[in-house]
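Asks: Add chain B to chain A, keeping to what the hints say.
Protein chains: 2
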Amino acid sequence: MINRIHELERLASPLEPLPEERDHLFNKVKKYTDKFLSEIYECPAYVVTEDKGIGLYHSPISEIPIDIDEALNLLKYNVDRPGLNPASGGHLGYIPGGGIPHSAYGDFLAAITNRYAGVFFAGPGAVRMENMLLDWMAEIIGYPKGSVGNLTSGGSVANLIGIVTARDAHNLKAKDFEKSVIYLSEQVHHSVDKAIRIGGLKECVIKYVPLDKKYRMQAEVLEQTILQDKQAGLNPWLVVASAGTTDTGAVDPLKEIGEIAEAHDLWFHIDGAYGAFFILCDEAQQILKGMATSDSIVMDPHKGLFLPYGSGALLVKDRQKLLDTHYYMPNYLQDTLNSRDELSPADLSPELTKHFRGLRLWLPLKLLGLAPFRACLGEKIWLARYFYEKVQEIDFEVGPYPDLSVVTYRYTPKHGDVNEFNQKLVREIHQDGRVFISSTIIDGNITLRLAVLAFRTHLNTIDLTLEILKEKVKFLERL
Amino acid sequence: MINRIHELERLASPLEPLPEERDHLFNKVKKYTDKFLSEIYECPAYVVTEDKGIGLYHSPISEIPIDIDEALNLLKYNVDRPGLNPASGGHLGYIPGGGIPHSAYGDFLAAITNRYAGVFFAGPGAVRMENMLLDWMAEIIGYPKGSVGNLTSGGSVANLIGIVTARDAHNLKAKDFEKSVIYLSEQVHHSVDKAIRIGGLKECVIKYVPLDKKYRMQAEVLEQTILQDKQAGLNPWLVVASAGTTDTGAVDPLKEIGEIAEAHDLWFHIDGAYGAFFILCDEAQQILKGMATSDSIVMDPHKGLFLPYGSGALLVKDRQKLLDTHYYMPNYLQDTLNSRDELSPADLSPELTKHFRGLRLWLPLKLLGLAPFRACLGEKIWLARYFYEKVQEIDFEVGPYPDLSVVTYRYTPKHGDVNEFNQKLVREIHQDGRVFISSTIIDGNITLRLAVLAFRTHLNTIDLTLEILKEKVKFLERL
Chain A
1 MINRIHELER LASPLEPLPE ERDHLFNKVK KYTDKFLSEI YECPAYVVTE
51 DKGIGLYHSP ISEIPIDIDE ALNLLKYNVD RPGLNPASGG HLGYIPGGGI
101 PHSAYGDFLA AITNRYAGVF FAGPGAVRME NMLLDWMAEI IGYPKGSVGN
151 LTSGGSVANL IGIVTARDAH NLKAKDFEKS VIYLSEQVHH SVDKAIRIGG
201 LKECVIKYVP LDKKYRMQAE VLEQTILQDK QAGLNPWLVV ASAGTTDTGA
251 VDPLKEIGEI AEAHDLWFHI DGAYGAFFIL CDEAQQILKG MATSDSIVMD
301 PHKGLFLPYG SGALLVKDRQ KLLDTHYYMP NYLQDTLNSR DELSPADLSP
351 ELTKHFRGLR LWLPLKLLGL APFRACLGEK IWLARYFYEK VQEIDFEVGP
401 YPDLSVVTYR YTPKHGDVNE FNQKLVREIH QDGRVFISST IIDGNITLRL
451 AVLAFRTHLN TIDLTLEILK EKVKFLERL
Chain B
1 MINRIHELER LASPLEPLPE ERDHLFNKVK KYTDKFLSEI YECPAYVVTE
51 DKGIGLYHSP ISEIPIDIDE ALNLLKYNVD RPGLNPASGG HLGYIPGGGI
101 PHSAYGDFLA AITNRYAGVF FAGPGAVRME NMLLDWMAEI IGYPKGSVGN
151 LTSGGSVANL IGIVTARDAH NLKAKDFEKS VIYLSEQVHH SVDKAIRIGG
201 LKECVIKYVP LDKKYRMQAE VLEQTILQDK QAGLNPWLVV ASAGTTDTGA
251 VDPLKEIGEI AEAHDLWFHI DGAYGAFFIL CDEAQQILKG MATSDSIVMD
301 PHKGLFLPYG SGALLVKDRQ KLLDTHYYMP NYLQDTLNSR DELSPADLSP
351 ELTKHFRGLR LWLPLKLLGL APFRACLGEK IWLARYFYEK VQEIDFEVGP
401 YPDLSVVTYR YTPKHGDVNE FNQKLVREIH QDGRVFISST IIDGNITLRL
451 AVLAFRTHLN TIDLTLEILK EKVKFLERL
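Protein chains in written order, with my numbering: chain A, 1 to 479; chain B, 1 to 479.
Looking at chain A on its own, in the form it has when it is part of the complex (with noise of 0.2 Å):
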C-alpha cells in the first residue's frame, strides 16, 4: 500500500509546481495582462468574428499538458477577442462595469491562500472583512446599525435572497400563493422575476405597477391597488422598486414607496444593482435617499464600484429575517458551535462553501479610499447628462433627463421605418465595434441606451459615440 501511494504522490506532484515553475507562469500571465491592459484604450469594445471563439473546442480536455504559452493563446484568440470586451471603456451597452485592476490582485490572494470565508469559527478573519465591508455599505444606504447582509455572485442572487427572505419573513404558506401579491415596476429586472419563479412564487398574483412618463413607479397607483386588492381579499406583501432600472436608468420614488409598504405592511425590496452606489456621490444623493427606507437592498460591486465580474451584495435590515431563512447548523459543523461572536456568512445565504469575496472588493477600497469612487460616479453621471444634451444637437429624439446614468434616445430618419432604422443602426455600431451600445424597447419602440458605468469611460469615450452615431446615421440614410 505504501508504495502505491508514494507512486501516486509523485504523479499527482505537478499540481504543486516549484517556485521557478511558478515565476515562470507569473511572468506570462503578468506580460499577457500588462498587454491586454496596455491594449485597453485602443482596442474596440466589440469584434464580431465567424468562429466566436470556437477555437477552445479544439483543444479538449484530455490527459495531454498544454504549455502555458499556448494556453494563453488559446485564451487571447477565442476567448479575449470575440465579442464585448467588458473591461474597455467603450463598453457603453447592458449596465458595464469595468474590472479595476486591484481586484485581481484581490482575487489572486484569495485564491492562493483559499481561506474560508463561509463561518466565522473557520475563517474568523475573511468572515470579519466581508462583515466590515458590508456594514458600510448599510452605512453608505442609511441602514441602522444590525443590518446584515451577504457578498452574492451578483445582482441576480441578491435578489433571490432578498425574495425568499421576504417570503418566509411573511410566514407564506403554498396554498396562499394564489392569494398573495407581488407588485412590480413595469421596469424592474428580470432577475427578480426569475427570483420569483426559483423562490417557488410563481403562483403569486404578480401586478406590475404602470409607470410615469420618467419611467418610475406611480407610488399612488401602487397605494390604490394595494387597498382595492386588500378589500378584494388578496394579501399584498412585497413590493420591488429599483433604484435604476436597467433599461433607462430610472429610480422609483423610493421614499413615497417605502412609507407605503410600511403603512400596509409589505416587505420592500430594492433592486440598486445598478444604482445603489451612486449614493457615494453629491449628485446622486437627493435622488437616492429613499433606499434608507426599504427592508432589503440589492446593490452591485461589479457595477458601481467597477469590480471584475462576481461581486453583487444583499442587506437586509432586519437580521433576523435574514438568519431565520439561512441558518441551519449540522452536526458535522458542531465544532463552530461555540464561536460565534460575528455572523457567518453560511448562515446568512444559500451558499456554504464559496468564493472569497469580500478580498477583491476589500483591496481596491483601501489602496484607493473612497474618493475616486465618488469621483469616478459623478463623472458617469455627468457624462450621461453631457451626452443627453449633445444627442439631440445631432437630431436624436431623448427620452427623459438621465436619473443617473443611463440615457435613452433613438433616431426618426427621414424616410422609412423608424424601429428598423435604429435596429439597423445598432447593428452598424456592433460591426463597427469601436463603442458598444444596446437597444431595449420601450413602449414597443426600438430605443438606444447609453449606459455610462465604466471606469474606463471618459469624455473622449463620448465624443467618439457621437461621432460614431452621426457617421452611421449618415452612412444608413445615404442607403
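Be aware that one or more of the hints could be misleading.
No distinction is drawn between identical chains; accordingly, a pair holds when it is met within one copy or between any pair of copies.
Claimed, not checked - Listed next, the in silico EDC-like pairs over lysine to aspartate or glutamate satisfying Cα-Cα at most 20 Å (straight line):
(1) Lys-31 x Glu-42
(2) Lys-202 x Asp-347
(3) Lys-289 x Asp-135
(4) Lys-321 x Glu-203
(5) Lys-390 x Glu-9
(6) Lys-173 x Asp-324
(7) Lys-35 x Asp-23
(8) Lys-213 x Asp-443
(9) Lys-30 x Glu-20
(10) Lys-31 x Glu-21
(11) Lys-175 x Glu-203
(12) Lys-31 x Glu-20
(13) Lys-202 x Asp-176
(14) Lys-35 x Glu-20
(15) Lys-145 x Asp-341
(16) Lys-35 x Glu-16
Hints were generated in silico from the structure; no laboratory data involved.
A quick note: this is a predicted structure, and the numbers were derived from the prediction, not measured.
Replies: Same frame as chain A, now just chain B:
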C-alpha cells in the same frame, strides 16, 4: 460641465494604476504569495488566536488610502493567520479542497480581462469554455451528449438549482406541496435541506430513508416507502442521494436508487459535491458508476479537483428542464436573440452577471492534463485506507471501511465518558494546530472524522496525524 467632467476624471484616475504602479503591486503580491507557499508545508493547519482578526476593524473603509505593505500586513495578521488554513495539507476536517496555484492565475486573468461568461452573444469564447468544461464533466459522469449544466459558486447553489429544476419538471403546484414527498438520506448534506426551504418547498413531506451499517441509504426501504406513500395518496417526486456524504463519505446505492426513481417516476438528484470527481480514478469507478442513472448531479471542482473555493457545478440530463426553470428574455437583451448557437449560463442558472468561473478550472486542467488529478484522487483514497488501518493499531475504534476518503473513528478511554473524551481530544488537536480534524455526531455519539482531500495531504501528513492522536490520547488519559 466640461470642466467638472475633467476634474472628476482626474480625481477618479487612481482607479487605473499606471504600469509602474501595477508592477509595484504585482511584485508585492507575488512576494506575499511566494512566502505563503514557501511555508505552507510547515505552517499550522489551525491557529487559535484571541483576537480572531479583529485588527481589520481598526482600519475601516474610509477616504484614506493605505499602501500595499500595510494592506498585506493587515491581511497577514488578521485573515491569513487565525483559524483554519484550508491551503494546508494538514486540513483534514469538514471537506478540504486546497487551492492549486494554477487556478489563481486563472482568477487573475479573469479579473483583469473581465470577460462576461453569462451570455453567448456578449462573451462567446467564455461561454464556450464553460460549456466545454460542463460537457467534459457530463462525459466522465456518464451522462449522454446533450446534457447541460452550470458552473456555480459551490455545491449549495448547485443543489438549489437542481432541486428547483426538479420541482418545475414535476410541475408541482403550491397547493400540492403538502402532499408531495421528498426522500432524503439521513446523512444528506444540509445544503439540500436549505435548498428545499429556499425553493419554497418546506411544506413538502420530507422522509428520511434509514441507513444501513455503512451509512448508505437503504434502497429497498426507499422503494417500500414510495409504494406506501403512493397508496396513501401522496405524490412522491424527488429522491436525493449522495455520492459521498459529508459526515462519513458514504456512497448511497446509486444504481438501485436510480432504478427505483425511474420505475416510480421520481426525479433523482445526486449530491456529489464531495465525491463525484473520484470517478476520475480507478479506485472509485465501481462504487460511483451508478451516478449516470441520475437526472441531476452536483460536483464541486473546489473539492474534488482541488480548486480554490468558489467552484461548484450542476449537471442536468434533460436540457429542456434546466432551461424551463431559468430561461427568461428581457427587452434590454434583445440584441442577443440572434446568437444562439451555444446555450448561455444566464439561461441555465439563477445568475446573470457572474464570475467567469470557467477560467480557474480550464487553466489548470489544460496546463496539467488529467493525469495528476486522477493520481491525486487515488492517493487520497489510499491515504484514507491507510489511516483506517493504522488508527486501529493505536486503539481507536473505526466506523465502516471508507467508500471514498473519509474515515470515522473514536477513542474509548479507560475511564470516563467516551463522548466527553473525544470532544476534548478534538479540542486538543485544534489547540495543537499542526493538523486540523473535525468531529460530528453519529447515532448520538461524538465521532471524529478524517477527511482526506487536500491536494497537499500526503503520507507524512497522515503519519503526523496518527502521531498527534497518540500523543493527545496519552496526554488526556493522564489528566
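Asks: For every hint, state whether the structure bears it out.
Replies: Consistency of the hints with the structure:
1. Lys-31 x Glu-42: within (18 Å within a copy, 32 Å between copies)
2. Lys-202 x Asp-347: between (26 Å within a copy, 17 Å between copies)
3. Lys-289 x Asp-135: within (17 Å within a copy, 47 Å between copies)
4. Lys-321 x Glu-203: between (23 Å within a copy, 19 Å between copies)
5. Lys-390 x Glu-9: Classified as between: cross-chain Cα gap 19 Å, same-chain 66 Å, threshold 20 Å.
6. Lys-173 x Asp-324: within (15 Å within a copy, 24 Å between copies)
7. Lys-35 x Asp-23: Answer is both: 18 Å inside a copy and 13 Å across each meet the 20 Å cutoff.
8. Lys-213 x Asp-443: Intra 11 Å, inter 64 Å, cutoff 20 Å: intra-copy only.
9. Lys-30 x Glu-20: both (15 Å within a copy, 13 Å between copies)
10. Lys-31 x Glu-21: Classified as both; 15 Å inside a copy, 15 Å across copies.
11. Lys-175 x Glu-203: Both. Shortest intra-copy (10 Å) and inter-copy (10 Å) distances satisfy the 20 Å Cα cut-off.
12. Lys-31 x Glu-20: both (16 Å within a copy, 13 Å between copies)
13. Lys-202 x Asp-176: Classified as both; 12 Å inside a copy, 14 Å across copies.
14. Lys-35 x Glu-20: Close across copies (13 Å), not inside one copy (22 Å); limit 20 Å.
15. Lys-145 x Asp-341: within (16 Å within a copy, 49 Å between copies)
16. Lys-35 x Glu-16: Answer is between; shortest inter-copy Cα gap is 15 Å, intra-copy 27 Å.
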